[in-house]
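For chain A, the structure is supplied; the task is to place chains B and C on it using the hints.
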Amino acid sequence: ANESAEQSAPVSEDGIKLGGAIRTNYSHTSYSDGNKDRTGDFAFDIFRLNLNGSIGDVLLNAEIRFFDYMTAVKYAYVGYQFTDDWQVQAGITQVPFGNWPYNSHNWFFSTNYYIGLEDDHDLGILFKRQLSDNWQLDLGFFKNDELGGVDGYVGSRADRYSYDIVGARLPGDGIYDDPAQPLGEYNTLSGRFGYHVSQGELKTELGVSALAGGLHNGQTRAGDYHAWAVHSNSHYHNWNLQLQYTKYQYDVDNGADRMAVGAYAFYDSIAAEATSATVNLAYSMPVEWGPVTGLQFYNNYGLVYDKSDGSRDTMMNITGFSVAAGGLFTYFDLVHAKNQPFVGGSASGDSSETERRFNINIGYYF
Amino acid sequence: ANESAEQSAPVSEDGIKLGGAIRTNYSHTSYSDGNKDRTGDFAFDIFRLNLNGSIGDVLLNAEIRFFDYMTAVKYAYVGYQFTDDWQVQAGITQVPFGNWPYNSHNWFFSTNYYIGLEDDHDLGILFKRQLSDNWQLDLGFFKNDELGGVDGYVGSRADRYSYDIVGARLPGDGIYDDPAQPLGEYNTLSGRFGYHVSQGELKTELGVSALAGGLHNGQTRAGDYHAWAVHSNSHYHNWNLQLQYTKYQYDVDNGADRMAVGAYAFYDSIAAEATSATVNLAYSMPVEWGPVTGLQFYNNYGLVYDKSDGSRDTMMNITGFSVAAGGLFTYFDLVHAKNQPFVGGSASGDSSETERRFNINIGYYF
Amino acid sequence: ANESAEQSAPVSEDGIKLGGAIRTNYSHTSYSDGNKDRTGDFAFDIFRLNLNGSIGDVLLNAEIRFFDYMTAVKYAYVGYQFTDDWQVQAGITQVPFGNWPYNSHNWFFSTNYYIGLEDDHDLGILFKRQLSDNWQLDLGFFKNDELGGVDGYVGSRADRYSYDIVGARLPGDGIYDDPAQPLGEYNTLSGRFGYHVSQGELKTELGVSALAGGLHNGQTRAGDYHAWAVHSNSHYHNWNLQLQYTKYQYDVDNGADRMAVGAYAFYDSIAAEATSATVNLAYSMPVEWGPVTGLQFYNNYGLVYDKSDGSRDTMMNITGFSVAAGGLFTYFDLVHAKNQPFVGGSASGDSSETERRFNINIGYYF
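Chains as they are written, first to last, in the numbering used here: chain A, 2 to 367; chain B, 2 to 367; chain C, 2 to 367.
Derived from the structure by calculation, the hints contain no laboratory data. Zero decoy hints are in this set.
If several chains are the same, the list does not tell them apart, and a pair holds so long as it fits within one copy or across any two.
DSBU-like, lysine-lysine: derived pairs with alpha carbons at most 30 Å apart: (1) K248 x K204; (2) K75 x K37; (3) K129 x K75; (4) K18 x K75; (5) K129 x K248; (6) K37 x K129.
Bound-form chain A, shown alone (with noise of 0.2 Å):
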């Protein structure tokens, strides 16, 4: 990357990098009565380890989560970059649809996150084309999720870093119960396209995303499902606007309005269908302040409604900034939500109260 025209031995870059993240968080909450008690609890997060790089030109990129209550590999590919503009990657890569990477800049993503439809990552194939001629397209193939589907050989369904749906929900059912009835999405074809535009200093991407896929109950096909979105992501000097508009629906053929999700070693519910809406502002400033470099504010806003399941709408209200100093990013997030998952709910809760969370999120990059 930094060569000089005149260097004339080749520079090889090949090598697997060591990084990770370590992270600890403090929350103070409205619904639970003994953390306000204890005015809040701090509590360790994560100790992360990515390998990153390449060994004759083929690239490897993964990561692994250790929890208090888990461990999860997020993503695991190796990747080749066989023309100047396609890359395919072959592994848990992370599912392309909507805002890319993240449709946030909270510690909490969107909404979307808990209904499988931000950083989602599953067993597959991608073929990626980078930017160029002003369009990007992003096509895959995922086998299943990344626990390896209904029959996967794991400790728990549930130990996984981002939502998949394990099960439908059968009359009687809890929404925190095991799942009853266990479900697999397999074989989903997905795509994300967007183009950029831009004009003076305002720069915009302007996207769609869609996938589809079966459900497998371990024995046969037991329905299908598919999702798709539409999205923008604008710059403006220091400013970034994000939206994004989508949909989701479960098919199964027993005709179940509602569905078990998995993750965080938790099991949890979610509607068969509904529709979301997200719209994320930040603004952005550079510091020098001591080992402070940078500051981002923001407010995130995200809403699921017209829910299958007749529950009550999830909306999550995040106003908070981010600070970067040296190693260490720290989230500091003033949460108002309703029936969501993290702050007193689940996404499939009925709800009417709008909880409250106060965090902070410690993290160390490297």
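Relative to chain A, chains B and C alone:
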């Protein structure tokens, strides 16, 4: 690295280096209707870290493997070269036995692996005389298996990389049951001698191996066990031929004719006594196709017969090839097998069906 | 460190370095007939990874340990040197208390470790004034224990490296039971002051430590706890003498006289109130015997008495030596102990037997 040519001082090679591997795996099998209905499954295999190197003449070699269902240390030993020819190793190290380091060319190893006689690692001390004057010798004393034996303080005795017996099967036990009568191997003596001969382009190692030790039930000695093998390993131009004939016997005082084994978070069974024969042929082909630098084609055949529990033979035949491309090493294996773990059977099964598994293991090693 | 005086360009020391340790352990004990019958056991101890360094003036220090029975983060904190003398640390960091960093020379630590008062790590913020003008000072506020306290989201509250209380023992509870009345420490203030004096070759640190915090049952405050200690740490030529006198008290509202503790995937008990005295003597001997560069001989003695639950004293005496050879550091310990965890007893046991354990811990550190 930055020494000038004039510098005569010895180059310190001190330091521990991090390596590892990431693997994912595709399989299509005859024995799972669900797998066939989904046109196969794609699963995460391992996230592996290796530590290797030396500090002040004492060396370290260790490997830990993270799976979706367990975390296991494959080996972890310290070593010291106390003469030019002899090295001593202490810790979890490989039991010297038969073709070395592997009695196979494919991703599944040979049938011997599943009866604990290929790539087996236990806790002990090993003296290794390196090849010199055409002969080499390994002498080991293994205090117990890699999980501390019958009384080891572990989460599960089945959470291990290499197969060991964990109990005796009593009448009425199922072959996949948790062992009702726990046992552990202990105080095992092991030796392996190899003699190298060459005639023109043909180079052959001829070898003999033997091991013998006790079985402990937690309170007292409950039996003993032994195994022996003869092997040959020949190279002629790009061809490699491995032959091995092996016998083993677990002699439990209560006369059990079947043993419980544990590995990969799973309990299974083997006959208390059996004979094994393996034949492995391979052809290596260096190429330069884009990033691809080498191919190896192989056929590996193994048979376990004369089983003391009266069950039918275990047979496995694997035809396949491996592809080296940069850090990537991929196995394409077509397996036909009877009564074979990981191919729809148990080493103590009594099936007359031949099962089939087509498997692609995508590994990145660094 | 290796800069020449002429070098004027600043040398960046940025970057995070990977370190670690691998250990295996041999033991021969008086209290397990099975162990004696097998002439001892050899077990895997730990696979440890350390991350240490700084990026842009902010430092990181973290350690994760993989055992056969649990995965645990020992410490994980970020730090910043905000004046020449003061550093602030946030995350899982060591509670400043008594002899530092260890109140022992052997592999087992002192009896204080098992009551949570040696090498204890909790989640909080710590201000450390380094030694200057002959004094040093540590002031900490620990929000809760390293697993997030009584409501921490964890696999098991016993999966931790350093002992903490996890409950109060109710009448009828066994000393190894899962805690029926869960409790967690929270909002603990901690301080440690050390003053250094020297007379010729004799250098001594004299110190005083104290900590006090609350006990929470998940809903509300259920009591409080405190501890204090005086210590001295003297060096004279190759000799080292450590003395410490310690008192602690858990004052539960329901009057419990015994507490449940958890660590190493195991629940145990301690008296709610007790006194401890420790005396540690060591002699260091630099040598050059092949790869061996140092020996240390030691005797460590500890007594926990005046226990509130009326149980007999805990006593541990360890005579041993450690050997440094390259990356290898090996402890040879002969332990005699009464009512001591890991030596056949519980800190809340009532035995009058003295148990014996001979132990060799083979560690490789890098």
